[in-house]
Amino acid sequence: MDNEIGETDLPPPMSDVVCPFCAMACDDLTVAHDRGGRLRITGNGCARARTLFALPALPAHCFIKGRAVPLDAALDAAAALLRNAAFPAVGGLAADTEGVSAALALAERLGAVVDHAASDSLFHGLRALQVTGAMTATFGEVRNRADLFVLFGSEFDRHAPRLFDRLVRPPTALFRDAGAARGFLIGPSDGGPGDGPAPDGFERLTADLIHAPAIAAALSQMVAGDRPHGDRVGGIAMEDLARVATALRDARFGVIGWVAATLDPAAGDVAVEAFNRLVVTANAATRCAGLSLGGKGNALGANYVCAWQYGVPLRSRLGAGPPEHDPLRYRLKSLLAEDGIDALLWLSALNGAEVPDTRTPMVVLARPGQPLPHDPEVLIPVAIPGLDHAGSIHRGDGVAALPLRRLRFPKSSGKPSAASLPTAAAVLSALLDRLPASPLPVLIRETAHV
Amino acid sequence: MSDAYTLLRGGRVCDPAGAADGTALHGPPRDLYLKDGHIAATPPEGARIGEVVDLDGRIVMAGAIDIHSHIGGGKVNLARLLLPEEHREHGSGPDGLRRSGSGLFTPSSFVTGYRYAEMGYTAAFEPAMLPSNARHTHLELADVPIIDKGCYAVLGNDDFLLERLAAGATQSEVNDYVAWILHATQAVGVKVVNPGGISAFKFNQRRLDLDEAHPHYGITPRRILTTLATALSDLGVPHPLHVHCNNLGIPGNESVTRDTITALDGLPAHLTHLQFHSYGTEGDRRFSSAAAEIAESVNRSPNISVDVGQIIFGQTITASADIMSQFRNSGLASPRKWVCTDIECDGGCGLVPFRYRDKAFVNALQWAIGLELFLLIEDPWRVYLTTDHPNGGPFTSYPHLIRLLMDRSFRNEQLARINPDVAAHSRLGSIDREYTLEEIAIMTRAGPARVLGLRDRGHLRPGAVADVVVYDDLPDREAMFAAPALVFKNGRLVARNGQLTATGWGDTIVVRPEFDSAIERRLKPWFEDHQTVRLGNFRIADGEILDHGRGGLSIVPTLTASDSCF
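Those protein sequence lines, which keep their order, are chains B and H.
Residue numbering for the first sequence follows the UniProt record's numbering, beginning at 1 and increasing consecutively.
Residue numbering for the second sequence follows the UniProt record's numbering, beginning at 1 and increasing consecutively.
For the record, the hints were derived by calculation from the structure and aren't laboratory data.
All values reported here derive from a predicted model rather than from experimental measurement.
There could be a bad hint or two in this list.
[Unchecked claim] Below 20 Å or equal to it, Euclidean Cα-Cα: the simulated EDC-like pairs (lysine to aspartate or glutamate) are:
1) H/Lys-524 / B/Asp-342
2) H/Lys-359 / H/Asp-421
3) H/Lys-524 / B/Asp-16
4) B/Lys-65 / B/Asp-342
5) B/Lys-411 / B/Asp-34
6) B/Lys-65 / B/Asp-375
The shape of chain B in the complex, shown without the other chains:
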């Protein structure tokens, strides 16, 4: 045992800590405090988690155009900037449930467009859902049942850290041989991190993912017993695809997985639709499920909160009459690029929401250390959910919401640090209080009940 003087003053390590820094939402971390007051992951966790947990809880100030100010002055300036906007937006939304909820309430007050920083990947799946639906399985089913993985994408380690350790080759599985899962990796092999040799039992089929819809469609045909025309699809030889199709038919529980962020940015939804058709086709005779991988900044959770509170997904305008959803028109990146927004509130309490480089006047609520392209009109640092305050986030498979704990506390010396920052929800509520509801005309649409 380590009995160094001073060491015993440290709080004991915390187990089963939830990581808020990607959609895998691993909840098996062991986290200790080191003598420098930093958090240190001592068990489980990926490289990204080790880095982000260990960032020092630096003190942080509010700024107006680069000038340090007290919180109240920053809130007043932020309210003034947002109050007079004709077409505001609330973006980023990388936060816990409560932070997102408070951001949406503010957007509703402002009549603002809402969107998440990582919504392009999210909307590949969501637009496919809106057209065809989905047939999926959650992590727990995949871990215990999946005997075949057909994974579209690249850089799996970066987008879905611990995918192989937790789900593909877990230490134990209920209904399959945990170590014997086999599969195919379909995507570019351009030597990026995680694109080295395929793991044991896996075969790499090299293809540009722009062809993912055609590849999935050909697989659907073959799984259904047809033979597509031609020798190759998307650069993959037909006999190789035939082996994938046979494996899907022979599997007891196949998984079609994809890293949404690596799909064709312009038509990722078409790919996800094709994956879904493949899954449904395979289910005519055996079991198979889709699995979307990747995601940061609680993007899926932010979309869920918007859906349950307003009935519509993100990329909606709230509060200017009934909620208005339009996945194309209200894509925030496009709106910013065409100067369609006259005031922006950006929320990045978690990672995964890079502050946009825009001329649009901007209020930024960010975790300390968030890189900024330039000094925004107003900058208010906020605490990090899961390190500095409790809360909840959603895991990427869409069913489990996980509890976040507070791990860091202000030092007894009373010196300010990130651990003493206000939560995003508290800042947003204080902003809401400064923006009284305007007496808008009542817009209640009559709805027939029967």
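For chain B, the structure is supplied; the task is to place chain H on it using the hints.
Then chain H, alone, in the frame of chain B:
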């Protein structure tokens, strides 16, 4: 606390669970006193009356309670995301009181609370909370304003239970597990959905009958059903096992429904959305009503309560944990998109949008079967008003449904409009029964409160929570129940003439039976070795519900040997 009373003066009180007041509707008007959010006894002479509301003989009932309505959680939210078209058509902006929202059959959370309150409903129970989705469900329900909420945890397809049953677990071990789940997920009851069938589908089995062995565990749905029903009875959980029978929607499933009642052998149980489980195979189309046979079976079984799951013509979405049935029905999706998800060695989720058409034989017959069940089941204390929202139709169609039950000529007018083969052959037209106001009060208030063990709701005796609804006695019962004159929640006026006047937060209702915490020694390694969430992160702390300042926790007392269940 306040020392002032609110006096509701001169109402005709319809309070079937009240002390000898069940017939007051026909007696002289009486006064009702509210104080500190509760119904108060007649105050002493000289007590301060803060407010007097003259009811002029209007009808007074306790707040209505919806025992089975899918109002929140993962599958409801996915349904919202699946159908942007529904939300585009039915939206409302903020108006200073109401938050913005949208949806008709999958309304957003705020709209859900407002609409229930405006209809005089003060509590609703989400009947299909998967334990793995419990935190999401409670987060969502925390955004449903005004009404009280509670959830039934879904068990009976979870691999822990199935594995333990297959390994020969004792009833007392199962009891401890069930109690632990109720605590950990903050639930008020347990629902079993297609016992064993959801799990069997994961092993690629497409149908499972009551006495058919599970393909992996070798145990039967009958065993799962009776073990869970016994567990709740042993634990003294007031709400008995909430049962979604096997083979939902399949012609001929009436036999499995009756066999289920027989299998329960006197154990208390609640059979939900019975309409979907009352199908015969007679006639040219091999699809017929078995409502009479099922109703007879229910009438003979005082241990059984039911809700109907009436269908209402129009567009809706079916949302169920029963992925086996939903996958089978996916070809019927309208519009043609659907969702099926295998969930966490725990359960499943299936979403199939559906349009019930009055001219379609099958849908018209479903409509008639539901009404036949309502009218042929004799004891209103054991049959409750539901559409299995949104599966049969939205909860906002309850006033229409009440009129169908109370007004025979209206019912027969509707019958004349539906598919003529159904209209000609259904026994519905020959049933004379019309529900009375007292019977409606029983099936929408007193009955659900009793079967849920809510001792301080569903009636207007002193001490009850002051959830009070005042109706104009209109001959058009649909208009009457759609827009009550006054709705009080916890003694506070929240709606007038069907329009919201104030908002607030209701309680989360839970039950906490005693158990041996040694069960955690078995559960902890199970979570670590086989699940993807650790036990400590699975369990929902009280603070997660209480710390948002959005309503409290209300704990239903467990039953003791001296309490009668029915």
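Structure-based check of each hint:
no., hint, result
1, H/Lys-524 / B/Asp-342, "violated (52 Å)"
2, H/Lys-359 / H/Asp-421, "holds (10 Å)"
3, H/Lys-524 / B/Asp-16, "holds (12 Å)"
4, B/Lys-65 / B/Asp-342, "holds (17 Å)"
5, B/Lys-411 / B/Asp-34, "holds (14 Å)"
6, B/Lys-65 / B/Asp-375, "holds (6 Å)"
Violated hint: 1 only; the structure is consistent with all others.
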